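We have chain W already, so just place chain P with the ligands on it with the hints.
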Amino acid sequence: MTREDFIAVDRFSFFYGEKQALHDIDMRIPERRVTALIGPSGCGKSTLLRNMNRMNDLIDGVRHRGDIRLNGQSLYDPKVEVISLRKRVGMVFQKYNPFAKTVYENVVFSLRVAGRNRKRELDEVVERSLRSAALWEEVKDRLHDSAFGLSGGQQQRLCIARAIANQPEILLMDEPCAALDPTATLKIESLIRELKEQFTIVIVTHNMEQATRCSDRTAFLYMGRLIEYGDTKQVFENPREDETEAYISGKFS
Amino acid sequence: MAQTNTAFATTGRSRKGEPFVWLTAAGLTIGVILTLGLLGLVVVKGLEVFWPARLVVLEVEPAEGSGQGTAAGTVAGYVVQERVRRDLAGKTHEEIQVFRGNRELHGEKFVFLDRADIAETRQPGDLLLVERLEGGHVIGRAGALELAGGERLEAGAAGFDERLEQLIEESAGRREELKRIEKDQIGRNAKRVKELNLEAKLAGSDAGVAAELAELREEFERLDGERGEIRERLEADHFVVESADGREIRLAGGELLHVFRPNEAGFLGRLGEMFRRGWTFLSSDPREANTEGGVYPAIFGTVVMTLVMSIFVTPFGVIAAIYLREYAKQGHLVRAVRISVNNLAGVPSIVFGVFGLAFFIYFVGGLVDDTFFPDAEEPVYKSGGILWASLTLALLTVPVVIVATEEALAAVPRGVREAALACGASKWQAIQRVVLPASLPGILTGVILAMARGAGEVAPLMLVGVVKSAPDLPIDGVAPFVHPERQFMHLGFHIYDLGFQSPDSEAAKPMVFATTLLLISIVVVMNLAAIVIRNRLRKKYATSSF
Ligand SMILES: Nc1ncnc2c1ncn2[C@@H]1O[C@H](COP(=O)(O)OP(=O)(O)OP(=O)(O)O)[C@@H](O)[C@H]1O
Ligand SMILES: [Mg+2]
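First to last, the protein sequences are chains W and P.
Residue numbering for the first sequence is 1 to 253, as defined by my numbering.
Residue numbering for the second sequence is 1 to 546, as defined by my numbering.
Just chain W, with the same shape it has in the complex:
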């Protein structure tokens, strides 16, 4: 059974200082589906995504209005610990960013910071996560080499393995294929389709084909507003709004 409002964004507005980046966003993101956020550069996709694990808290002078609920629980509830929240929400970034550590230590990082150090458990997690990230076969002999020795696509898949190692419920991906070549991109897309069996995935992408290939829902943002949100098929084949149509047909970027 999947929850339709697994992530609930309620009239959410967000400000960087005086600049408002999001205007009253209202959307429901279903459980174990892939939801794509599309829109021109600067429209607020990353801002929205980064609020789902409160990554934007780190920036000075930001404030918000409205609420985001995760499985019914408000993220901004004063009782919520940001650290435990982030354990439930994994994140993959546009620019692959492995740590200056071995492949193995990269994957188990989230377990180590949670104080889980049992070797047996870690070994299992490494194999499972790397298999899920379709990387196991390529790196199983170099687990204890530096992660920087991997190719760009491998590094990005390593980052995905790292993000899912601690079994989060949600996986946020901010343009995960932006720095990759077409082959690596295809690999990661098929990976996303597999991962949605286990995780609720929100992905930001500039690539229309990618959104159609791997997402179930698509949200189109424009100038900080949610213009259109619906099934991917419907949004791309039959957009309700003119701006959406203009954007997906490449009339503006």
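I should point out that these hints are in silico values taken from the structure, not numbers from a laboratory.
This one's a predicted model, so the numbers in the text were calculated from it and none came from an experiment.
Check each hint, because a few of them may be wrong.
[To be verified] Straight-line Cα separation of at most 16 Å, EDC-like style, residue types lysine to aspartate or glutamate; simulated pairs:
1) P:K329 - W:D57
2) W:K233 - W:D216
3) W:K19 - W:E81
4) P:K468 - P:D504
5) P:K179 - P:D285
6) W:K187 - W:E137
7) P:K194 - P:E212
8) P:K539 - W:D145
9) P:K427 - W:D57
10) P:K183 - P:D476
11) P:K91 - P:D117
12) P:K427 - W:E81
13) P:K201 - P:D476
14) P:K329 - W:E137
15) W:K187 - W:E209
16) W:K95 - P:E418
17) P:K179 - P:E226
18) W:K196 - W:E169
[Said to hold, decoys possible] In silico contact screen, one side only, chain P against chain W (beta carbon under 7 Å); selected entries:
19) V416
20) A422
21) S426
22) A438
Don't be surprised by glycine CBs; every beta carbon is placed ideally from N, CA and C.
Coordinates of chain P with the ligands only, in the frame set by chain W:
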């Protein structure tokens, strides 16, 4: 398209920047030339000190109108430098400076001779260069050995050279023995006597203390006897050297350090002698107001002080930088702190010395002495020592480490921090596990710079514990083995002391160059070690090439 003119301009406007390229190249060239010139001078002069020069015998017959007024006679020695002097009448004289040694005969170790006065120059093979404990080198011909039992062995007799070598070796062993008795045994004895006397004064004497004192006195008598015997033995044999002008110098066997025939030695022999001199320089204590012997205590002091300093400065600087960069709210206050830290690097180093003297020695040292050594007769920590010197230098170099660490931290990409936080790490965990390892090479660069700066600093040290002669090392075999309160010697100060405070600056000149070369080499070696470590780390934590 038809081919018209060339696609790219090859001269003219596109080369407008060229002069600036030359300008920058010229800047670099001048810098490199200055650096290499300085290093080259130090290296050549420093190594020259150890290279054994040929000894010459000069027959001096003063010519008409020469300025030096040297008496006629024979001079033996080696040429130190040549120069041209212009006298009052405007006539130029080519002069040479000769090291002739034999201070007891001539008073001065050096003599200037006008080339015009020199009638003849010879290089006899049998000239000796004798190193001795006191009085500087002796130059002359081997005369005879007068041995303890009234036995006399003439030079050239069978077994003479072997007997001389043996004598030198024996005396070295005896001096060693003497030192052991004086420093270890008599020193321990005296210390215990002092303790017992104090005890008796405080608690009233009792039979046990009196008995032990008597025992100690007996032991002292015995040791003193042994000492006297060895001293006598050291004076018993004599080596007679004939100087070039025919006079005799009687050297006690105990004074002899080394005998060398520079004119007979081939290239390999001289090379060997050079290494021997180099090794003596590195490994032995200074003699003769630091103008002879080695600089071992100064090397030891410099290295220990620099290491202790980096042990203090690294954690302190890194922690401060972490707070400044990662935790403090970036506002006016932090900016002010940062500017102050940077300016701290511009404060004259002597000011740090004054601060160290006032704060560490008088205040902290005073407190330590009052609390832990209330009845010591002399100040223990309330006087200059290697600990206070290291702390003072740590303070002096902390801006270097802070600035380098801050830069290294700032260079860690934001993505890496965010990734760590997104994995559920707390801020401290992210810093400790991800940011610090990634910035370690940069931090080490800062530590390297701090070490180089600290090792070369002299002025503040003069106030907080460096002395021209410190017979006891800060780490030795006497319990408790580490003596952070002890004064120490330092190569930088040694250079200053030799060059400008020495009674015989002419004799000290070679030592100045050699010591400078050594200090530079030590800094280079320490830096190289740190660079090797850093490159290892860098390979391990190479930043992702994106
Ligand atoms: N740290 C920040 N401080 C101030 N303004 C910011 C900050 N980050 C983003 N913004 C602004 O918020 C708006 C939305 O930015 P956001 O990064 O969410 O865009 P985006 O849709 O992800 O764009 P892109 O596709 O180029 O990544 C932009 O106008 C941007 O200038
Ligand atoms: Mg973005």
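Structure-based check of each hint:
The straight-line distance between the Cα atoms of P:K329 and W:D57 is roughly 14 Å, inside the 16 Å bound, and the hint therefore holds. For the proposed pair W:K233 and W:D216, the alpha carbon gap of about 8 Å is at most 16 Å, so the pair holds. Distance hint between W:K19 and W:E81 is unfulfilled; the C-alpha atoms sit about 27 Å from each other, more than 16 Å. As the CA atoms of P:K468 and P:D504 are separated by approximately 15 Å, the hinted pair is consistent with the 16 Å bound.
The suggested pairing of P:K179 with P:D285 holds, with an alpha-carbon distance near 13 Å, which does not exceed 16 Å. Distance hint between W:K187 and W:E137 is fulfilled; the C-alpha atoms sit about 14 Å from each other, no more than 16 Å. Proposed proximity of P:K194 and P:E212 is supported: the alpha carbons are some 12 Å apart, at most 16 Å. Under the criterion of a C-alpha separation no larger than 16 Å, the hint pairing P:K539 with W:D145 is consistent with the structure, at around 11 Å.
At roughly 12 Å between alpha-carbon atoms, P:K427 and W:D57 fall within 16 Å of each other, so this suggested pair holds. For the hint linking P:K183 to P:D476, the alpha-carbon distance of about 12 Å falls within 16 Å, and the restraint holds. Note on P:K91 and P:D117: the hinted pairing holds, with a Cα-Cα distance of about 15 Å set against a maximum of 16 Å. Restraint check for P:K427 and W:E81: satisfied, since their Cα atoms lie roughly 13 Å apart, inside the 16 Å limit.
The suggested pairing of P:K201 with P:D476 is violated, with an alpha-carbon distance near 31 Å, which exceeds 16 Å. For the suggested pair P:K329 and W:E137, the alpha carbons sit about 46 Å apart, so the restraint of at most 16 Å is broken. Between W:K187 and W:E209, the direct Cα distance comes to roughly 14 Å. Compliance with the 16 Å bound is thereby established for this hinted pair. Taking the CA atoms of W:K95 and P:E418, the gap is about 11 Å. The hint holds against a cut of 16 Å.
At most 16 Å may separate the alpha-carbon atoms for a hinted pair to count; P:K179 and P:E226 meet this at roughly 12 Å. At most 16 Å may separate the alpha-carbon atoms for a hinted pair to count; W:K196 and W:E169 meet this at roughly 10 Å. At a threshold of 7 Å, the smallest CB-CB gap from P:V416 to chain W is about 5 Å, leaving the interface hint in force. The interface hint given for P:A422 holds, since its Cβ lies 4 Å from the closest Cβ of chain W, which is under the 7 Å cut-off.
Residue-level restraint check for P:S426 holds (minimum Cβ-Cβ distance to chain W is 6 Å; threshold 7 Å). The interface hint given for P:A438 holds, since its Cβ lies 5 Å from the closest Cβ of chain W, which is under the 7 Å cut-off.
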